[in-house]
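Protein chains: 2
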Amino acid sequence: MTDKAAILLLSGGLDSMVAGGLACTWGFSLYALTIDYNQRHRIELQAAARVAHRLGAREHIVLPLDLTCFGGSALTDAAIDVPKAGVGAGIPLTYVPARNTIFLSLALGWAEALGARDIFIGVNALDYSGYPDCRPAFISAFEAMAGKATAAGDGGAHFRIHTPLIDMTKAQIAAEAARLGLDAGLTWSCYDPAADGTPCGVCDSCRLRAKGFAEAGLVDPLIT
Amino acid sequence: MTDKAAILLLSGGLDSMVAGGLACTWGFSLYALTIDYNQRHRIELQAAARVAHRLGAREHIVLPLDLTCFGGSALTDAAIDVPKAGVGAGIPLTYVPARNTIFLSLALGWAEALGARDIFIGVNALDYSGYPDCRPAFISAFEAMAGKATAAGDGGAHFRIHTPLIDMTKAQIAAEAARLGLDAGLTWSCYDPAADGTPCGVCDSCRLRAKGFAEAGLVDPLIT
Numbered sequence: 003m004t005d006k007a008a009i010l011l012l013s014g015g016l017d018s019m020v021a022g023g024l025a026c027t028w029g030f031s032l033y034a035l036t037i038d039y040n041q042r043h044r045i046e047l048q049a050a051a052r053v054a055h056r057l058g059a060r061e062h063i064v065l066p067l068d069l070t071c072f073g074g075s076a077l078t079d080a081a082i083d084v085p086k087a088g089v090g091a092g093i094p095l096t097y098v099p100a101r102n103t104i105f106l107s108l109a110l111g112w113a114e115a116l117g118a119r120d121i122f123i124g125v126n127a128l129d130y131s132g133y134p135d136c137r138p139a140f141i142s143a144f145e146a147m148a149g150k151a152t153a154a155g156d157g158g159a160h161f162r163i164h165t166p167l168i169d170m171t172k173a174q175i176a177a178e179a180a181r182l183g184l185d186a187g188l189t190w191s192c193y194d195p196a197a198d199g200t201p202c203g204v205c206d207s208c209r210l211r212a213k214g215f216a217e218a219g220l221v222d223p224l225i226t
Numbered sequence: 003m004t005d006k007a008a009i010l011l012l013s014g015g016l017d018s019m020v021a022g023g024l025a026c027t028w029g030f031s032l033y034a035l036t037i038d039y040n041q042r043h044r045i046e047l048q049a050a051a052r053v054a055h056r057l058g059a060r061e062h063i064v065l066p067l068d069l070t071c072f073g074g075s076a077l078t079d080a081a082i083d084v085p086k087a088g089v090g091a092g093i094p095l096t097y098v099p100a101r102n103t104i105f106l107s108l109a110l111g112w113a114e115a116l117g118a119r120d121i122f123i124g125v126n127a128l129d130y131s132g133y134p135d136c137r138p139a140f141i142s143a144f145e146a147m148a149g150k151a152t153a154a155g156d157g158g159a160h161f162r163i164h165t166p167l168i169d170m171t172k173a174q175i176a177a178e179a180a181r182l183g184l185d186a187g188l189t190w191s192c193y194d195p196a197a198d199g200t201p202c203g204v205c206d207s208c209r210l211r212a213k214g215f216a217e218a219g220l221v222d223p224l225i226t
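Residue numbers (the working numbering), protein chains in the order written: chain A, 3 to 226; chain B, 3 to 226.
Everything labelled a hint here was simulated from the structure, so no lab data went into it. Hints are not guaranteed to be accurate.
No copy is singled out in the list; a pair is fine if it fits within one copy or between any two copies.
Cut-off 30 Å, straight-line C-alpha distance, at most; resulting in silico cross-link-like pairs (DSS-like, lysine-lysine) [unchecked claim]:
| # | residue 1 | residue 2 |
| --- | --- | --- |
| 1 | K213 | K150 |
| 2 | K86 | K213 |
| 3 | K6 | K150 |
| 4 | K86 | K150 |
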């Protein structure tokens, strides 16, 4: 295990691809972790596989974890519709209770087992859906907890949660993908794809993605 | 959802049964969560079902989450033998990387989805196996993080991680089970049971359990 191994939480969306691309440029070898949480937009799992391959991940684990048994989100409960009226104020129904905490905990477990100390997650706190677990205060608190949670931390190791996109707008993220030579057409963002596998265009995730490409003056290869 | 609903992390061992029993005496309705992490001692899942029934849990979720894909522990990697030479100093090979972080994160997700604010976990920091994620400093750090991680926390809610056994010896825990009228014979502790379903008697978990019953002057119904 090199010191430069890192876990990448890889959803298959644009943000996690760009986070992974930046990790590569900084010299990290990637171990990609995708959680199959029985999400409504399971099509993103195919995107995750494409992106892991493109990023040259050393290993890609797709871990089944059925969060529909808890429910509480439009992404994990078929009885709750995905909101499509536009990005509003407050925390939307697509928030999955404690999702990033669960995902980072799993990444922490794999990191410790591998001997890695670095975890990348593509959260961003601008042009986002208002999820509490995408903000710097959460990431800092998780990092502090990780040091107390592990045998490695007990031995003095420090786990770093890297959030290279946290202060970027969606336009900056779209531009960063282009700069890194990463094809956004590999990724998937829509929360509620049609049966034929096309994005709905009106969920928050579609709207934020479209706004980002438009503001960056770029064309989204997924749409064209 | 009553204010007194609580998630109980229920392994099927003596400690989580007693933690749940105390929660009941304090007026909580229990929602029991057991993680089937493909542990070597899968027999504990049967014990978890018995204990959930005994405690009158409103619901019992057994959630599959295959941690063997990460490995790094004698409990999740068949290539690593369970130590049997006696409880030593330091963190033993049965430590599962970030296990309690992962389990508490899942409990947090279910709690938030249910509207519950209380989580019980049967960790104890005396007469234990030396796991870092059984200590007060970890629990405090997790609780601080939980407030930042969730929509509920964003709205001012405080999640409480209850660790009623954290300062008890195993003898005190065995005595507490008896005081609460909970049959320790329902539970399971051994990490490496024989094919015929009997405890090995020499893993750390068997040794600590035996020491606890002996010091409490009680007979372990599982052994007799």
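Structure versus earlier hints, numbers of those that do not hold, lowest first: none
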